[in-house]
Amino acid sequence: MIAELGHYALVLALALALVQSVVPLVGTRTRDPVLMQVASPTALVQFVFVALSFAALTACYVTSDFSILNVAENSHSQQPLIFKLTSVWGNHEGSMLLWVLILAFFGALVAAFGNNIPAALKASVLAVQSWIAVTFYLFILLTSNPFARLPNPPFEGRDLNPILQDLGLAIHPPLLYLGYVGFSISFSFAVAALIEGRIDAAWARWVRPWTLAAWMFLTLGIAMGSYWAYYELGWGGWWFWDPVENASLMPWLAGTALLHSALVMEKREALKVWTILLAILAFSLSLIGTFLVRSGVLTSVHTFATDPTRGVFILAILIAFIGGSLAIFAWRASSLKQGGLFAPVSREGALVLNNLLLTTACATVFVGTLYPLALEALTGAKISVGAPFFNMTFGPLFLPILLAMPFGPMLAWKRGDLLGVAQRLVWAYAAGAVVAAAVYAYTWGGPVIAPFAIGLSAYVIVGALVDIAERIGLMRLPLAVVARRAAGLPRASWGTAIAHLGVGLTMLGVVCEMNWGAERIGMVKPGAVLSLRGYDLTFDGTSMREGPNYRELIGHFTVRRDGNVITVMEPTKRNFAAREMGTTEAALYSRGASQLYVSLGDPSPDGAIAVRIYHKPLVLLIWIGALVMTFGGGLSLSDRRLRVGAPKPAKAKSKTALQPAE
Amino acid sequence: MTRKQRRLVLLSVGLGVLGVAAGLVLTALTDSIVFFNSPTDVIEKHVRPDTRIRLGGLVQPGSVVKSDDLHIRFEVTDGNKAIPVTYQGILPDLFREGQGVIAEGKLDGAGVMKADSVLAKHDERYMPKEIEDSLKKQGHWKDDYAAKKTGGAAAQSGTAKVQ
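Just so you know, the sequences run in chain order S and P.
The opening position of the first sequence corresponds to residue 3 in the numbering used here, with each subsequent residue numbered one higher.
The opening position of the second sequence corresponds to residue 9 in the numbering used here, with each subsequent residue numbered one higher.
Check each hint, because a few of them may be wrong.
As the list claims (entries may be wrong) - From chain S, some residues computed to sit far from chain P (all C-beta separations above 10 Å):
#1 R33
#2 P43
#3 N147
#4 A215
#5 L343
#6 F344
#7 A439
#8 Y444
#9 R487
#10 T586
#11 D604
#12 D641
As the list claims (entries may be wrong) - Computed list of lysine-lysine pairs in DSSO-like fashion (alpha-carbon distance at most 30 Å, straight line):
#13 P:K74 x P:K122
#14 S:K384 x S:K269
#15 S:K527 x P:K74
#16 P:K114 x P:K89
#17 P:K122 x S:K384
#18 P:K53 x P:K114
#19 P:K12 x P:K122
#20 S:K269 x S:K416
#21 P:K114 x P:K74
#22 S:K384 x P:K114
#23 P:K89 x P:K122
#24 P:K89 x S:K269
#25 S:K339 x P:K12
#26 S:K416 x S:K339
#27 P:K89 x S:K384
#28 P:K12 x S:K416
#29 P:K53 x P:K89
#30 P:K89 x P:K74
#31 P:K122 x S:K527
#32 P:K53 x S:K384
If you're looking for bench data, these hints aren't it; they were derived computationally from the structure.
Note that CB positions come from ideal geometry on N, CA and C, so glycine has one too.
Construct the entire structure; sequences and hints are all you get.
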């Protein structure tokens, strides 16, 4: 009964979405405010219905109703409640339902809080948002019904894929979807602006908070997914350049570019056409990501059961939206007026460079991800493009981004003083050079590239700090003035510096982990000692433990350093009876930002067991950096000037002389 | 600076970056891609030793030999031909006899593949697409090797789609 209600609620949401995708647009054509105002309530009620539908599916999972095919295939009565809940989106149908839930959620947010958006624009935005919703409701209802019943319900469910039985599943997909789907708002705004044929700085002001929020969620989602893969897959890798990972990286790169170009548009009214194009591209890449993951073109842990009709359906959605929006773009973009002028060396120029490099980097990832698919479709040859490809292409393109990063925020708008900025960044070069030299001396004889990369990270980090120090006049002015300036500095400026600092931290972690990680693999018997980087791990034997829906073999290790016991590590191997499948749960021990990582292999009949030990220096910085980036984004989002949506002329006279120039 | 000059600067910088990127992509594509082969491909195409390949198929039942120092030897088969593979390290959780596997590495002179990575499938319902295709090509799809997969709820999944 609950399932049927959920199904019905979804059908009602589709009906509302159909109304919402047509009526408001008719209103904008006929200038009828009543028709335009239809958009907001339908968006809100649509969200309520999708939420009901989602709640119904959740209820089926919580009560372990195995007469629902989806529940029977992906749940088990003995799963802990948290995994029953996360199982809802741990499968194709449920995850698509989560996708539309978030889509409707964003639509409802625009409807509820977009009061300062002009009525016509708001109506168009919500209508475009609803086009997306309609296609995805149809996709779910026609090809992936999560509420399908089984004629002969099994007594017990088939259990969730054990790899997914982890807290990561509770966090990673919702965050990632909030990011992916969040870009739908920028997309809707872009298409609405093209339909209206009008775009100005105010438009950028409305779009930027949404883009920023989506970007933050995507950053967190990718970082979380990476950390999850790191501890769950048992071989210590945190990024595999797997097509599915690339599918989330591409929208992130485009979204990052969009954030920066929207800034230019908001402040200087330049780069209008480009910003619109980026908004379309960011969401198109999200759709491509959804297609790659959900269609079964690729097989990985993310693709659940595959079904060709779904692939064709998503491909059709993809072509319709990307093709349609690009066609509107080609048709209307020329009608948008050109914006302000700027010299190549200026804040705008730096942001253009940022965009150029980010989108090019994105394009190389795109080629590397889709080339194997295209080649197979055309010639039948099967190839794999792995980490070496991306290291050779993505790496060199990211280098100039990092070099230019500290310069950008310090250059003035319109016409910048490159030499002046270069002089002010002297501390950043000094820090980079000193760190690089120190690391080079310390790792004498090792590769030169690693110390250089470390120095570059130090340069980026110190460069971000110099930016703030310059703005608040640190070392130049009396402390009281500095404090006042720091308090008065717009949060967006703090946000920029902190997000850039986060990039430096992530880079630092990546370089350290890649170059100086150490690994030992061995067969150990109880009492044996394995040593790695000054840590001595004594194997004390194994024991068995019963989990709720699995049995696990626990390896006990005592970790000593200089003879003193510092911790006990207990990696396990779990065996899930329902699927006859095992997982490896690594044991992690953090010391500062570095980690010791132990995972178990197969036991042999004579009592020995295979063990993998890694020492990963500063590895946690990779994810800490992502958190810092997100925090910077959050600060920027909380800036009052962004929340005040309508454009207001700068009140120059109210600013004191001490206010920092932006 | 006029609008025209600005556009020229932008355009040339843009083309420059794109050119560099295209160059990087092309060199990387010639240097770092790896071809997927089934055991039959390896033998029929006479894949040269020291070429990096991905070998995909099923682990031949009864062929897995493990020695003390984590050296493992097994055979990968597609039903017609089998290629011996050696690997040192810990195998993935889902590595099992009769199940799909992809090994990446180089062939030595004796036709034995020295693998530096071994991938097994993530889920008992899922089989790497490359392996599925090559098994179909060999006409062994859904016979002894893959029989396990056609039963049960897998009937709903794409791995059991009709030929």
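Pairwise hint evaluation, S:K416 against S:K269, where the allowed Cα distance is 30 Å at most: The hint holds at about 10 Å.
Agreement of P:K89 and S:K384 with the hint, judged by alpha carbon distance not exceeding 30 Å: Roughly 19 Å between the alpha carbons, so the hint for P:K89 and S:K384 holds.
30 Å limit on alpha-carbon distance, applied to hinted pair P:K122 and S:K384: holds, 20 Å
S:F344 and chain P, when compared Cβ to Cβ, separated by more than 10 Å: With a cut-off of 10 Å, S:F344 comes too close to chain P, as the shortest Cβ separation is near 7 Å.
Satisfaction of hint between S:K416 and P:K12, Cα-Cα up to 30 Å: holds, 16 Å
No chain P beta carbon within 10 Å of S:R487's: Given that every Cβ of chain P is farther than 10 Å from that of S:R487, nearest at about 33 Å, it holds.
Holds or violated: P:K89 to P:K122, with C-alpha atoms at most 30 Å apart: Between P:K89 and P:K122 the Cα gap is close to 17 Å, so the pair holds against 30 Å.
Agreement of P:K114 and P:K74 with the hint, judged by alpha carbon distance not exceeding 30 Å: holds, 20 Å
Restraint check for P:K74 with P:K122, where alpha carbons must lie at most 30 Å apart: At roughly 15 Å apart (the allowed maximum being 30 Å), P:K122 and P:K74 satisfy the hint.
Pair hint P:K12 and P:K122, alpha-carbon separation not exceeding 30 Å: Given pair P:K12, P:K122 is violated - Cα atoms ~59 Å apart, limit 30 Å.
Least C-beta distance between S:P43 and chain P, which was stated to exceed 10 Å: At about 39 Å from chain P, S:P43 clears the 10 Å cut-off, so the statement holds.
Satisfaction of hint between P:K114 and S:K384, Cα-Cα up to 30 Å: holds, 17 Å
In summary, the structure is inconsistent with hints 5, 6, 10, 11, 14, 19 and 24 from the numbered list given earlier, while agreeing with the others.
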